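Given the sequences, and given the hints that come with them, work out the whole structure.
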Amino acid sequence: MSISLLSSDSDSVIAEKLQYLGKGKVLYEPCYRPGISLVSIENPDHHNALSGKMMAELYRIVGHLEKDTNDNRVGVIVTGGPNKAFCAGLDTDLDFAGQYLKTPESISAMNKFMYGILARFSRLPLIAVGSVAGPAVGGGTELIAAMDFICMGDTAYLSFVQVRNGLPSPWGGARRLIERIGRKNTLRILGTAAKVHATDALQIGLVDVIVTDSDYSLVLESSVQFIQHFIDANGIKRMPWAVRSMKALVVQNEIQDTEAELMLIQSTLKRSNL
29 MSISLLSSDS
39 DSVIAEKLQY
49 LGKGKVLYEP
59 CYRPGISLVS
69 IENPDHHNAL
79 SGKMMAELYR
89 IVGHLEKDTN
99 DNRVGVIVTG
109 GPNKAFCAGL
119 DTDLDFAGQY
129 LKTPESISAM
139 NKFMYGILAR
149 FSRLPLIAVG
159 SVAGPAVGGG
169 TELIAAMDFI
179 CMGDTAYLSF
189 VQVRNGLPSP
199 WGGARRLIER
209 IGRKNTLRIL
219 GTAAKVHATD
229 ALQIGLVDVI
239 VTDSDYSLVL
249 ESSVQFIQHF
259 IDANGIKRMP
269 WAVRSMKALV
279 VQNEIQDTEA
289 ELMLIQSTLK
299 RSNL
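Residue numbers for the sequence shown follow our numbering, beginning at 29 and rising by one.
These are calculated hints, taken from the structure and not from any lab test.
Keep in mind that a hint or two might mislead.
No more than 16 angstroms apart at the CA atoms, straight line, and that leaves these computed lysine to aspartate or glutamate pairs for EDC-like [said to hold, decoys possible]: (1) Lys-140 with Asp-37; (2) Lys-51 with Asp-73; (3) Lys-112 with Asp-182; (4) Lys-275 with Asp-99; (5) Lys-275 with Glu-94; (6) Lys-51 with Asp-99; (7) Lys-265 with Asp-99; (8) Lys-53 with Asp-121; (9) Lys-112 with Asp-243; (10) Lys-112 with Glu-57; (11) Lys-112 with Asp-241; (12) Lys-223 with Asp-182; (13) Lys-53 with Asp-37; (14) Lys-212 with Asp-228; (15) Lys-53 with Asp-73; (16) Lys-95 with Glu-57; (17) Lys-51 with Asp-121; (18) Lys-140 with Asp-241; (19) Lys-51 with Glu-70.
Bear in mind the structure is a predicted one, so any value in this text is a computation, not a measurement.
Written as structure tokens, this is what we have:
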């Protein structure tokens, strides 16, 4: 199969080109729990690294989430599937990167594609929680940076190896990390290609919950319980559409779009109890 990724390609064209390249899969369960969707990154033979096929699937899943009109949906969990890793970044196997990402233009096109996917994901009106039971490396840390919150197993770690590969932060993770943990911490962990263990990540505010067992199911259940606080905590229910609107307001504040903020407030008031 002869496929060439071009920097002039639209995201939809790149998705079509990537959809048959490599192995693995990204699964989407829209109703994993009441009010919660689940996205699972699964490529067990390659530590859940992202192949072209998986990138195309993630692109389509984000599209589904953007079009979701279910006002009762409050959160989405992203997990690495039931094996030892969360995500090892780009799949460098010959089935994908080793064969199809050989030119600067093709690499640039792929990075632009993933940058757009994660930017759109981070702006979803949903509470996004990363369920990290195992290592997140390289591009896997870029995924982590797009989450609102992170639940992490106590033996898991994050490894920001991008600069070892001659890259800065190609999928937008650096900017999001600055917002989350500040300039100094971001420079330190990105610039030194540091391995950040769970306790250190909690201390600097990168991780929100440490699960005292890195068992996949336990970390996933902890992520469910974390989102549950946005749905019903101590018998006090939250209005799902108001939570969605609050997330959207936070996103609009980040991009300083006052007009959109006012429109969103007006639309939310129609559904409020005021």
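Results of checking the hints against the structure:
Straight-line distance between C-alpha atoms of Lys-140 and Asp-37 comes to about 10 angstroms, which keeps the hinted pair within the 16 angstroms bound. A threshold of 16 angstroms between alpha carbons decides the hint, and for Lys-51 with Asp-73 the separation of about 9 angstroms falls inside it, so the pair holds. A hinted pair counts as satisfied when its Cα atoms are at most 16 angstroms apart, and Lys-112 with Asp-182 qualifies at roughly 13 angstroms. For the hint linking Lys-275 to Asp-99, the alpha-carbon distance of about 13 angstroms falls within 16 angstroms, and the restraint holds.
The straight-line distance between the Cα atoms of Lys-275 and Glu-94 is roughly 13 angstroms, inside the 16 angstroms bound, and the hint therefore holds. With a CA separation close to 34 angstroms, the supplied pair Lys-51 and Asp-99 exceeds the 16 angstroms bound. Using a Cα cut-off of 16 angstroms, the hinted pair Lys-265 and Asp-99 holds, with the two alpha carbons roughly 14 angstroms apart. Restraint check for Lys-53 and Asp-121: the C-alpha separation of about 15 angstroms stays at or below 16 angstroms, so the hint holds.
At roughly 9 angstroms between alpha-carbon atoms, Lys-112 and Asp-243 fall within 16 angstroms of each other, so this suggested pair holds. Restraint check for Lys-112 and Glu-57: not satisfied, since their Cα atoms lie roughly 21 angstroms apart, outside the 16 angstroms limit. Restraint check for Lys-112 and Asp-241: satisfied, since their Cα atoms lie roughly 13 angstroms apart, inside the 16 angstroms limit. For the proposed pair Lys-223 and Asp-182, the alpha carbon gap of about 14 angstroms is at most 16 angstroms, so the pair holds.
Taking the CA atoms of Lys-53 and Asp-37, the gap is about 23 angstroms. The hint is violated against a cut of 16 angstroms. This hinted pair checks out: Lys-212 and Asp-228 have alpha carbons roughly 14 angstroms apart, not beyond 16 angstroms. Between Lys-53 and Asp-73, the direct Cα distance comes to roughly 12 angstroms. Compliance with the 16 angstroms bound is thereby established for this hinted pair. Proposed proximity of Lys-95 and Glu-57 is supported: the alpha carbons are some 15 angstroms apart, at most 16 angstroms.
As the CA atoms of Lys-51 and Asp-121 are separated by approximately 9 angstroms, the hinted pair is consistent with the 16 angstroms bound. Of the pairs offered as hints, the one joining Lys-140 and Asp-241 is violated, with about 36 angstroms between alpha carbons and a cut-off of 16 angstroms exceeded. Our distance criterion of 16 angstroms between C-alpha atoms is met by Lys-51 and Glu-70, whose separation comes to about 9 angstroms.
Hints 6, 10, 13 and 18 from the earlier list are contradicted by this structure; the remaining hints agree with it.
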